[in-house]
Structures are given as C-alpha cells and as structure tokens.
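Visitor: Given next are the chains, with one letter for each unit.
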Amino acid sequence: MIQVKNLSKWYGPLKAVDSISFHVREGEILGFLGPNGAGKTTTLRILTCFIPASSGAASVAGYDVFTESMRVRQVIGYLPESVPLYPEMRVREYLNFRAKLRGLSATDRAAAIDRAARRCRVAEFIDRPIGQLSRGMRQRVGLTEALMHDPKVLILDEPTVGLDPTQIRETRNLIKELAKSHTVILSSHILPEVEATCERTIIIAAGRIVASGSPEELKERITGSSRLIAEIRGPADQVKSAVSQIHGVGHVEAGLVDGWNRLVIEAKGGQDVREEIFRLTSKNGWALREMRREVASLEDFFVQITAQQNIAREAPSST
Amino acid sequence: MRNILAMAQRELSAFFYSPIAYVVLFAFTFMVGLLFVFLTENFSPGSEASLRDTFNWLPPLLCVAVPILTMRLLSEEYRSGTIETLMTAPISDMEVILGKYLGTLVFYLVMLGATLFYVVLLTFFGRPDFGLLLSGYVGLVLTGSLFVAIGLFFSSITRNQIIAALLGAFFLLLLTILAWIIVQFADVKGTTRLILQMVSVMDRFQHFNRGLVDLNNLVFFVGGTAFFLFLAVKVMESRRWR
Numbered sequence: 001m002i003q004v005k006n007l008s009k010w011y012g013p014l015k016a017v018d019s020i021s022f023h024v025r026e027g028e029i030l031g032f033l034g035p036n037g038a039g040k041t042t043t044l045r046i047l048t049c050f051i052p053a054s055s056g057a058a059s060v061a062g063y064d065v066f067t068e069s070m071r072v073r074q075v076i077g078y079l080p081e082s083v084p085l086y087p088e089m090r091v092r093e094y095l096n097f098r099a100k101l102r103g104l105s106a107t108d109r110a111a112a113i114d115r116a117a118r119r120c121r122v123a124e125f126i127d128r129p130i131g132q133l134s135r136g137m138r139q140r141v142g143l144t145e146a147l148m149h150d151p152k153v154l155i156l157d158e159p160t161v162g163l164d165p166t167q168i169r170e171t172r173n174l175i176k177e178l179a180k181s182h183t184v185i186l187s188s189h190i191l192p193e194v195e196a197t198c199e200r201t202i203i204i205a206a207g208r209i210v211a212s213g214s215p216e217e218l219k220e221r222i223t224g225s226s227r228l229i230a231e232i233r234g235p236a237d238q239v240k241s242a243v244s245q246i247h248g249v250g251h252v253e254a255g256l257v258d259g260w261n262r263l264v265i266e267a268k269g270g271q272d273v274r275e276e277i278f279r280l281t282s283k284n285g286w287a288l289r290e291m292r293r294e295v296a297s298l299e300d301f302f303v304q305i306t307a308q309q310n311i312a313r314e315a316p317s318s319t
Numbered sequence: 320m321r322n323i324l325a326m327a328q329r330e331l332s333a334f335f336y337s338p339i340a341y342v343v344l345f346a347f348t349f350m351v352g353l354l355f356v357f358l359t360e361n362f363s364p365g366s367e368a369s370l371r372d373t374f375n376w377l378p379p380l381l382c383v384a385v386p387i388l389t390m391r392l393l394s395e396e397y398r399s400g401t402i403e404t405l406m407t408a409p410i411s412d413m414e415v416i417l418g419k420y421l422g423t424l425v426f427y428l429v430m431l432g433a434t435l436f437y438v439v440l441l442t443f444f445g446r447p448d449f450g451l452l453l454s455g456y457v458g459l460v461l462t463g464s465l466f467v468a469i470g471l472f473f474s475s476i477t478r479n480q481i482i483a484a485l486l487g488a489f490f491l492l493l494l495t496i497l498a499w500i501i502v503q504f505a506d507v508k509g510t511t512r513l514i515l516q517m518v519s520v521m522d523r524f525q526h527f528n529r530g531l532v533d534l535n536n537l538v539f540f541v542g543g544t545a546f547f548l549f550l551a552v553k554v555m556e557s558r559r560w561r
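Protein chains in written order, with my numbering: chain Z, 1 to 319; chain R, 320 to 561.
Don't read these hints as lab results, they were simulated from the structure.
Note that the coordinates shown come from a computational prediction; the quantities given were computed from them, not determined experimentally.
For every residue, glycine included, the Cβ atom is placed at its ideal position computed from N, Cα and C.
Hints may be right or wrong, so weigh each one.
Below, computed lysine-lysine pairings styled on DSS-like, alpha-carbon distance capped at 30 Å [to be verified]:
| # | chain 1 | residue 1 | chain 2 | residue 2 |
| --- | --- | --- | --- | --- |
| 1 | Z | Lys5 | Z | Lys176 |
| 2 | Z | Lys5 | R | Lys553 |
| 3 | Z | Lys180 | Z | Lys5 |
| 4 | Z | Lys240 | Z | Lys283 |
| 5 | Z | Lys15 | R | Lys508 |
| 6 | Z | Lys5 | Z | Lys15 |
Residues of chain R placed beyond 12 Å of chain Z at every Cβ, according to the derived structure [stated by the list, open to error]:
| # | residue |
| --- | --- |
| 7 | Leu324 |
| 8 | Tyr336 |
| 9 | Ser337 |
| 10 | Phe345 |
| 11 | Ser399 |
| 12 | Leu497 |
| 13 | Val518 |
| 14 | His526 |
| 15 | Val538 |
| 16 | Phe546 |
Chain Z on its own, in the form it takes in the complex:
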C-alpha cells in the first residue's frame, strides 16, 4: 500500500531524512517511533505530498507522491502533529468545507460527517466554534476530518499528544478499530503507545531506520541482556561469592537493602539460573524473599539504540 525507497530530505545543509526505505502492506498498522527531531514528521509530510523529497521515491496506493500528488491526496487521511484548524469556524462548518474539498456530494457529506463525528465522539460539540474547544476535542475534530471520506490510508502524526489518559485509551482503541479497514501509519515518541497499537514498528533516529519489526521481535533482540534480581538474607560476602560461582552467572552486583542482600545478576547467554539460586539458598539455610527476572523493555532498547545513534553521529563530526 505504501512503498518508500531511499527517501532523503535535506533542509539546507541539514539532512533530516537519510535514505530510508520501508513498505506497509494493506490493512497493516505501522508505528513510526523515534525521539523528537528524528525525521518522523518530515517523512510523513513527504508521504502526504506537503513537501517534496530531495531524493528517492515514495508511492501510496500505487500512486507516486510527486508525479501523482492529487491522487495520493485523495486516498490519504492526514492528521498533522499540531492539528491545525480554523478557530473562527464551527466544527460542522469546518468538516463540511473539508468534505467539499474531498469531492463528496452534498448528500454524502452530511452522512459522512455524521458517521465520522459519532465515531470520534465529536457529535456532542459539533455546533461549537473550534476556537472554544479543548485540546482533546480539537484532536478528535482533526481525526474526524482525517477519516470522514473513508480513506485507504490514514497517516496520524502523534495522534495522542496532549490528551488525558482516558482519551489516550479511547483514541488507541479507535485507531485499532480503524486498522481493520484502513492502512494506518502513526508516529510517536512514546513507546507504550506504539507497543499497544501497532503490529509493526520502525524505529528511526537521526533520519535513519535503526530497527524494525513487531514489538515482540524487537524485544527478542535484547533478551540476551535480561537480568535477575534476588534478595537473600545471609553473610554478604559469602552470598555474593557463592552466587557468582553458579554456572552460567556472569556479572553480579550486590547491595544492602534493610538488612537483605540485594543482588543484580546477569546471566550469560540468557540462561535461566533461578533454580540454581534457589538450591544454593536452601542448602546454606539463607532466606530468599524475592526473585524476579527483569525482561528488557522496548523502552530500554529504544534508549540504547538511539543513544548509539547519537554517539555514532557525534563521533565523525568531532574529528
């Protein structure tokens, strides 16, 4: 449905997007994840025909974004990051104006607006001026606008920014529901968001794709560094050295928490050493009050990967 090939965008001397390629299948919901300034918005703006790419090619629903811009714009519903709206217009009036631009006939317009407004729960304030609406309401108006013409592709730039937790949950559910009949790209710099809604995630940092895959696949790539945390009562040095000698245990860090030894254990190659630790404590008569495995989160991975990128980026420029 969406094909992007070697897409680059320069802003003067600044390379905002650096030769990225990806594709999105029909009905897929893709998360575009990255820190602020990574090039997410720029990429989405190229896909929506707002700005042209410096090089590379992109197509949406088989239409080239540069040469067949009008066709692309027809099949896309777009919610820009800042949700720009005309404050002096009333919601219905605005939606009607946009529906006209979308080429909907007068009878279709009323029906399409009603349907989308109910879906995004805009109906209750549809006759109020946009200038009076709260941030969450404006976001919903933007979303209504993006989906009222039933577009094949929905592009949502940070759709939950500025919403309260209830609204965030509602918006996520709505997006998931929309994904059943639309292809969706959404961008975010918040991980749980992408983890909760997307089937596939592309992590982008400094204009480049640094990782991609389903949230589970991304997690798998980092299980090697999972850690075990155990709290054991016993003589501090004995406990530490005994645990360190267990087969498969790598680095051990020990500390004291209200009289208990708190050990952070790194296992080699992702081995499970929990059983050995239990045997050790029961053999020595030490008490064990807690033992849990800390599976690395997507968040750790994200921080780790973007930090690497920043180092890589700074290194050549400093020499």
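For this one, chain Z is given, so just place chain R on it according to the hints.
Guide: For chain R alone, kept in the frame of chain Z given last:
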C-alpha cells in the same frame, strides 16, 4: 471549479466572522458618506448629479482598505499551520489562490454595494447619467480586483499579517498616488515618465470615471490581476521546497 467555490465560500464567511472586516466595512462606508456629503460637491444643490468626485477619492482609500482585508488570506494559514491541511487536501495551489481571490472580491463588491445608496439618493433628487455611473463602477470593480490580487500576493510572501498589510499598502500607494503625482506635477521625461504613466492606477481609473471604457485600460487591470495571482501561486508553490 468546485474546489475554487468551496475555498471562496470559506474565505467569504471568514470575513463575516472577523472584526477587522467589519471595521474596514464601517470605515469605508463612513468615509464614502463623508466624501459624498461634505468633502465634494456631489451632494449640493445645483451641481452635477454624479458620483465622479466621490469616486475619484476611492482608489487612495482602497490602497489602505484592501490590504487590511487581504493581509489574513495566506499569512494566517502559514502562521497557524492550516496551510498543511490545505496543501495536503486534493486542491491545487492555483485553486486555493483563485478561491481566496474570489471570496475577497465578493466581500469587496458587498462593500462597494453600500455606495449604491448614494445612487438612489441622486436619482431621488436629480437625474444622474447612468452610463457614467456604470462606467465609474466598472472602474472601481477593476481597481478593486487588481488591489485584491496585489494584496493576496503580499500575503503569500510572509507569515506576518502586519507586514503583509504594510507592504501591500505601500506598494499600492506607490502605484496609485505616487505615480500619479509624479506624472502630474514633477518634471520627469522619457522612459521613466512613460513607465510611470503606464502603471499609474489613478490615471487609468480616471478614464473610467470620465465615462471612457478603453480596451487598453481594461487589459491593464485584468492583466495586472492575473499577473499578481500567478505570482501568488508561484510563491505558494515555492514554499513547499523550503
């Protein structure tokens, strides 16, 4: 065409939501009233039943009024970011510009329509020459059309409404008043004089106001309008590449 009309309708309704448009409308009609009753001989016993002297003062007035109407057109879209939704909707840049131009022109015609009141007064008290009046109105519509196009162009080059209005007014005053004054009173000769005469809106408008509908002047106003609308489209297109 549907897109142009949708755009024009939005712009026109935006005027009626905006206090600035009402202030301009009020100031304009007030000034025309003042001109008609006190500042010219148009509404005094024994004088010719026409609006010629009043109309003669309108182009300078419009030099200030029109840029205030047009300053919002694109600058506001740039500033608030609504340009992004507009430029990603299936509407071409040219349709956006034409729609905005048309919407503003209609508002201008409404403003001009208010002066028809004085035509009614004239027919009540005298026997005006309707051919002359019509020709004067044609001149005012053409002048307004050119001014709206120029104002729209200046709004397309900046995201700051005040700058758009000031640049527009400055340019229009240059074109309308300064060129006219120089041609009338200063001693310039040769090509400079020819160019000034050619662009002098005031000179050309006065032809219409004297009842002379000249093809040359018609082409100037219509061509000028098209030229500045074309420039505005190009400026809008070029902003994508930044």
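Visitor: For each hint, tell me whether it holds in the structure or not.
Guide: For each hint, the structure was consulted:
A threshold of 30 Å between alpha carbons decides the hint, and for Z/Lys5 with Z/Lys176 the separation of about 27 Å falls inside it, so the pair holds. Proposed proximity of Z/Lys5 and R/Lys553 is supported: the alpha carbons are some 29 Å apart, at most 30 Å. About 26 Å separates the Cα atoms of Z/Lys180 and Z/Lys5, which keeps this hinted pair within 30 Å; it holds. Taking the CA atoms of Z/Lys240 and Z/Lys283, the gap is near 15 Å; set against the 30 Å cutoff, the hint holds.
Between Z/Lys15 and R/Lys508 the CA atoms are separated by roughly 54 Å; this puts the pair beyond 30 Å, and the hint is violated. Between the alpha carbons of Z/Lys5 and Z/Lys15 the distance comes to roughly 16 Å, so the proposed pair stays at or under 30 Å and holds. Listed as a non-interface residue, R/Leu324 fails to keep its Cβ farther than 12 Å from every Cβ of chain Z; the least gap is roughly 8 Å. With a minimum CB-CB distance of about 4 Å to chain Z, R/Tyr336 fails to clear the 12 Å threshold, and the non-interface call is violated.
Once the 12 Å rule is applied to beta carbons, R/Ser337 is inconsistent with being away from chain Z; the minimum gap is 7 Å. Here R/Phe345 stays apart from chain Z, with its beta-carbon at least about 19 Å from theirs, past the 12 Å limit. The claim that R/Ser399 is not at the interface with chain Z is violated, since a C-beta of that chain comes within 12 Å of its own (minimum 6 Å). Non-interface call for R/Leu497 relative to chain Z: holds, since the shortest CB-CB distance, roughly 36 Å, exceeds 12 Å.
For R/Val518, the shortest C-beta to C-beta distance to chain Z comes to about 36 Å, beyond the 12 Å cut-off, and the non-interface label holds. Taking the minimum C-beta to C-beta distance to chain Z, about 40 Å, the non-interface status of R/His526 holds against the 12 Å cut. With a minimum CB-CB distance of about 33 Å to chain Z, R/Val538 clears the 12 Å threshold, and the non-interface call stands. With a least beta-carbon separation of about 26 Å from chain Z, R/Phe546 lies farther than 12 Å from that chain, consistent with its non-interface assignment.
Of the numbered hints listed earlier, those contradicted by the structure are 5, 7, 8, 9, 11.
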